[in-house]
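Participant: Each chain is listed here by its residues.
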Amino acid sequence: MTWARANSDRLVDLMLQHLWLSVVPVVVGFLLALPIGWWASRFARPRAVLLAAGGILYTLPSLPLLVIIPGLIGTSFLDPINVAIVLTLYALALFVRIVADAFAQVSAEVLDSATASGYSWWQRFGGVELPLAGPVLLAGVRVASVSTVSLVTVGALVGVSNLGSLFTEGFQRDFRTEITVGIVLVVILALVLDAVWVLLGRLLMPWTRLRGAG
Amino acid sequence: MSVFSEAFDWLSTSTNWHGPDGVPHRVLEHLGYTALTVVIASAIAIPLGLWIGHTGRLRGLAIAVTGALRALPTLGLLTLVVLWRGIGLTPPIAALVVLAIPPLLAGAYAGVESVDRRTVDAARGIGMTEWQVLTRVEVPLSLSLLLGGLRSAVLQVVATATVAAYIGLGGLGRYLLDGIAVRDYPQMLGGSLVVVVLALLLDGAFALLQRLSPT
Amino acid sequence: MKLNRTLGVLSAAALALSLAACGGDPTDTSSGSDSGSTSSSKSIVVGSAAFGESEILAEVYAQALKAKGVDASTKLDIGAREAYIGAIKDGTIDLIPEYTGNLLLYFDQNATATAPADVESALQGALPDGLAVLDPAPGEDKDSLNVTSEFAQKNGVASIADLAKIKGLKVAANPEFKTRAYGLPGMDKIYGIKDVSFTAISDGGGPATLKALTSGQVDVADIYSTTPSITQNKLVTLEDPKNLIAAQNVVPLIRDDAQSDEVKSTLAAVSEKLTTDALLELNTAFAADSKPTAADVAKDWLQKNGLV
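Residue numbers (this note's numbering), protein chains in the order written: chain A, 1 to 214; chain B, 1001 to 1215; chain C, 2001 to 2308.
This is chain A alone, in the form it adopts within the complex:
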């Protein structure tokens, strides 16, 4: 703990870097997955193709991706954007399935009756489909957020500083305290971020409050 206190400035820096490297992929991945997943939930053929593609994407090991991406899109090797892109791809892969499932469970009769009562497509989407899919979507955001926070650490292997840097450095210096502090901070960050999503969910979907978060 003395070590953590002596290095608190650096730890705070690493946590902030870790935070934005986690939040950007989750948010961007979610926004991209929303239309794709909705489309997949309505049509069987793209659904099969997209879910398979998502599955492949998710199994790609992150380390080679982090090396290949700069060559593919012309970013600098050390650019944190590379890590953000890889994590966005993972989040996207995870979200497409969840979003598709979330929209698929909205019953067709509800949608039909919304149309029958004169809703436009956008009104129906924003006023009926999205709120009904909301709780499942929130659950998906929580899972993706937690695993993204944990995955960011791999970026340390290619020189993008974040809490994972404490693992590589602690390992080389045979210094377990540093690694342990890193693990604890990663878990804390994941839990705090999770609480933020839950709170945001309650603000946006007040009707779910009674059921409790699960």
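Careful, some of the hints might be misleading.
Simulated DEER-style distance windows between Cβ atoms [what the hints assert, rightly or not]: (1) C:2292 - A:23: 52 to 58 angstroms; (2) B:1025 - A:121: 53 to 59 angstroms; (3) C:2158 - B:1005: 46 to 52 angstroms.
Per the computed footprint, the stretches of chain C lying under chain A, defined by three or more beta-carbons under 8 angstroms from a beta-carbon of chain A, are [as the list claims (entries may be wrong)]: (4) 2137-2148; (5) 2285-2295.
Treat the hints as calculated values from the structure; they're not laboratory data. In this text the structure is predicted, and so the values were computed from the model without any measurement. Every residue, glycine too, gets a C-beta built ideally from N, C-alpha and C.
Add chains B and C to chain A, keeping to what the hints say.
Facilitator: Showing chains B and C alone in chain A's frame:
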């Protein structure tokens, strides 16, 4: 995209398919680590999950613990256990077991919870013991969700078991780390593609299994 | 796959937008560069690889330059060579401490030079346009093959040549040791050591490699020669009478556009003091129980040697 065509060249070179460094041997090692991990994780998570689902106790705690476990970074755990225990099978398997527990646990308790309470009450009504309720009613009816948990555990472990190579073990991670050490990108990408194909085959097998299972 | 690629491009574009909006690079770990410096020379970013010695040397360079009024900052912990060479080529960093032998091998996979002067001249010829190396330091940090003192005594081993008589030798090293000329192929070709069972550990002779050696899981471990653990664990570093292992003198790798006379003379003065013993001293200080930062270790050493 020349690195992709070179990766396919690497994959179609016959010497890469023989001996201890060959793809078949590395795939077997990889599957071995995966199987060992999933068996250990299942032995811990499935009974616990079934108990939580059956009794309804500690459910809040289970959700919190699964969340925290999901957040535990594999890289951090691996380095910590290596410093503690040295190289060998223990560090990667320990780190991978932690990775596999959350989906297994969630699949088990969510599966049992999903069983219609009226069915369970009826089973008790005809005089089944709690054990019989669990094994004859709840487990068979929750098989689909249980298998779902097993499926995501296996896929995550297959994709992550590459870390074993970091500390001298084999498996498909060898191609990634040996490749990165001498900048042999075709080997790295070729190895990654084998991981992807392996994961897809396993996913397909599970999809089939889930379709065959009742409910 | 085509779909994935399209999605990748889409998300890249979206990210570029959202990041531009954030403004500033939050990962810039510059250690207090003098912003608003009136110095006429361009500012210099010193990079380092992701291991202690490289970080300390980068701090040594940066602090020495700052003491001479050069606007220098650091970007440490950049991972493997391919990552930081990419970074110095595209100008993300301007200067990085390097090692002659490995740098040569990076630019010329088939290089065969092993003696210090041969390595240096081969390196000058192999560097790409835009990059240069300054005068190398006398100190080097190279691969070295180590055994425990018990093993050395029991088997009468003092040199790599003595390993040829041992049946079923077990060696631990970085993965590249398996294919590189100084590794298994060279052990066979130069010293006639055959049938080696090899364990690849990706920690650059760090704690996992050390543990494998001291616990008897392997007989021989490749550990960098200035690692404090060699002396701390009374390991025996095997002699290399036939120059299997190439020289690895510490050398500043620098962009052409970052070389001013001020920079060159400052780094020359630093390199002159960087002997192998100095490297060992820096690494030992860094590994002390108090776990000081690389910047503090560098500062102490520079002060002791009158360089700041």
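Participant: Could you work out which earlier hints the structure fails to respect and list their numbers in ascending sequence?
Facilitator: Numbers 1, 4 - these are the hints that the structure violates, sorted from lowest upward.
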